[in-house]
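If you follow the hints, you should be able to join the two separate chains into one complex; please do so.
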Amino acid sequence: MERHQNSVTRTPLNSVVVQRRSKSKSYRLSYRSCLGATSRLCFTPALTARRLNTSRRAPKSHNITEKVNPEKLALLVKTEWQLSYVSPLYQFRHTQLKSYSRQLSAFIAAEKQQGLAVEVEGPQKTFRVSFSLVQGMAESDDDAETVLIQIHSKPLFARQDEPQRPVWSGWLTCINGNPDYLRSLPKDFICLPLFGSSGAEALTTLVKSWFQQFFDCCFGPLEISHTCLQWLMALWTNCHTESSIQHLKMIWTLPVVPPLQVTYTVNSEDAWELWSSVRKEKEKENKAGEMAKDEEENSIDIEEVTGFMQGLKSHFYRHFRLDLSAGSLDQVSTALGSAKYKGRIKISNSRYMITTLTLLTECALLKMPI
Amino acid sequence: MSVLNPFSKLPGLNTANILLVESEEQFQQSLADALVEETAATVNVRLAKSLPLPLENEEDRPRIDLVAFIINLTSELSFQSAEASLKFLDPGYFLGKVCFMVTNARNTAVPTERLDAVRKLAASLHCPLLFAEDQTPDGVTNATERLLSILKVAAGLVPMTTALYLSSLTRCTVPPDIDQPSFD
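Protein chains in written order, with the numbering used here: chain A, 1 to 370; chain B, 1 to 184.
Honestly, the hints are just simulated from the structure, not real lab data.
Take every hint as true, because none was put in to throw you off.
In silico SDA-like links for lysine to any residue, alpha-carbon gap of 20 angstroms or less:
(1) Lys342/A <-> Asn104/B
(2) Lys367/A <-> Arg106/B
(3) Lys342/A <-> Glu201/A
(4) Lys152/B <-> Leu130/B
(5) Lys152/B <-> Ala34/B
(6) Lys72/A <-> Ser348/A
(7) Lys120/B <-> Ile302/A
(8) Lys367/A <-> Thr108/B
(9) Lys367/A <-> Asp116/B
(10) Lys78/A <-> Gln246/A
(11) Lys87/B <-> Phe7/B
(12) Lys313/A <-> Glu113/B
(13) Lys313/A <-> Thr253/A
(14) Lys49/B <-> Leu254/A
Just chain B, with the same shape it has in the complex (with noise of 0.2 angstroms):
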């Protein structure tokens, strides 16, 4: 089983890896056009449909900084093919190297289970949840600003700021009666 790590490799002067995990592979690559543009360091951007990766690619992967899980909320798909990719991180990555990113939260189509269920699953992990609207190129700009914010500190180019610290901050609570039954 090949699992992700994040520390055997070395890092890349000025450099900033992501991984863009997305089982529908649509918002992903919007979102990696913006995140190139980036001119403060440079981001390189890889794009996998769920992990694990392949090995063959193994030798010539950079460093993965931070690792984007995009889940969009209308496929009960894309959650569970979400999930079953966390399995294949080192659990290295989970001190602030992770982040879910979420689509179609405010469609009436979901379910409010589903998106309890990613709420959760973030929370458990102690990774920030980001909402993400992916129709529009102003909904993809505020996303990629959201993650490069992220990402340049998980690539350690932010001073005095680590991944971890910025986790404790950022990372995603559940209210205590989010299992309350409703009406009973």
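Looking at chain A on its own, in the form it has when it is part of the complex (with noise of 0.2 angstroms):
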């Protein structure tokens, strides 16, 4: 546990540099409802926005294996994560992640003994739980580290010098977070928005439960929105030049009666001949502003991913005379990753799992109750 001594220095220092800000601006946090004409007389700018970025840079592929250690990324890359959202949590130490593990693993035995959640699978099975940090894969100054959660245990018939694998892992991160909101927090609070789980839904309950008694935080499910999706699909089709992505998959569901589940497909040559057409398009109408090159080539704008939705829309529409905007999308996936509605990723190749994350990061942190 080398990485964990070594930690001591790089841990955020986020409670130090916090200052809480005056008074009068402790209404910011405050979750930006409907706005009727009496409030227009005392605005209140929210720090929480509503909605995700309208524009965003677009992914270059990060050589993550040089900052981050191969094994854990290895972790995370090619598993299917449930996602959720977590609000700040209090005195959470990056220093103290063993005393946690131990923690963690008590309380999953208490639990255990009561008898409830955990499956009896065998009166002798003991979990060990393991606390690790991902370094490496916070971007700003501001983000907390990575923290990668596993918890171990043999499996039912196994000998006594098996060594024990891993049944459940789980990781909390916060990418690129909103710097205002990150600054904004009072001290003692870290924030890692995001939650991944993957493994058996009674541990997954219990983890969350023990997070929740521990730093008075709360958990909440995270629904990648039909906007999100549009954004991962038109970065992934984004990448193709650099790594294909092979195909280009959705799963639409329409509202009849039985109701209908599309599967559209669309081969890779041909969605990146869409999306740069689109490009193009844009860039057509920016030659007139005065847009440095570089910023223009690599902004992507809400407006180019939603018109390369209705170019596939459009397109199916043609041919099947169904139109797609009646119904919703379920599901996105590619070479490089795929994601559901309900809330679960899975990112297949790690040079663009900080992108995939930043955007993760920014719908979590929408969802954050103030």
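This is the structure:
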């Protein structure tokens, strides 16, 4: 656990840097509700915005293996994670991960004794929990380091010397979180808004309740909204030149009786052609403007994303006379990863992990209760 | 292009006519059943999937006092169809005789952009925007009550109030920072 020792200096000093802003600004954290005519008089700009960015930088492939331990990285890719959002954690110290592991295993053992939750698969099933730090994933200075949690246990009919295998893994992360929000949190609060879990549902509930008890936070399901799925589609297609997406597959559900499910697979070359033609239109419009050349190449606007989606939908309509706008998009998958509306994400290629996680962190921050 | 005109016909005595336009044709049925229960005035409810209305009924159709567009936020097609139907309304309708009713606004499947777009549309046309819950009978009753209060004013059944006056009080507003990008 040498890495653990080194992390003492690397722990982000959020708690030191943050200064509580003046009282008049504290309502900035309030959730922005519908503003009627009267509240226009006393307009309070909210810190937590209601929508995702309308334009974002095109993803560059990050050779993340340089910064992050490749073993830890291998644990994160190619698994399907169920996402939730977490409110800021109170007094979570990156230096005390060992004690957290012990406490969590004791908690699970105690819950098992009470007969709750975990499947009774033999009396001697002990769980060993390990918390570890995945260093190198934080992009900006305000981000807290990613924490990886694994629960190991011996399989049912194991011999004495067989090593324990991980039966459950989860992680908490914050990548490129909004710096204003992160800096405005009071002292002692660490914001790791995105939580991913894979494994038995019972263990997930146990881990969540332990976090809720110890760090006074709350968990909630994170759905990947339609706009977010469109962004993922566009960002992944944009990477086609660097690493082929192989196919672009979408699954739509149409609200007819009986419900109709449409799987729409687009050849990667065609998807790339459509995407680049949409971008060229935007470039032509911008030629009149005065944007710097490299900025122009790098930023993708929401109009391009919706234009791309509109192109795909109208192509489908031309062939099948079925307007997909009447339905809802459930799943998007390419060779780089797949995302389901219910909140499941799988990242198959570690090079674009940072971009995907940035988008998901934004989605999670949008759902913060304050 | 047959445009619906608000003042080309004579009004009926103690009558109010409402046109419910909905692309899915579901909520309008339950709303219509509840609307005709009204006893204080005779309420005629006409249902349509979209505008323009068929020319064959032009003669028999009474004067429409209020056009209510019902938009289901979970489907983008609903919004697009309502937007396309707006072209077939005479501008005289936008002086308080049009209102938008939105369902499923709390559904997590709805991207916030769609609600913002509906809001901007309603605000630009100076029309009220009502939120309704269509799955429970209570929700239908509440929606009916709100529609009736606007309908009675639009039909001229409420003394000292006109549709234009009411619309200036109830019209939808958008917060000034509705386009504020979030995290940069």
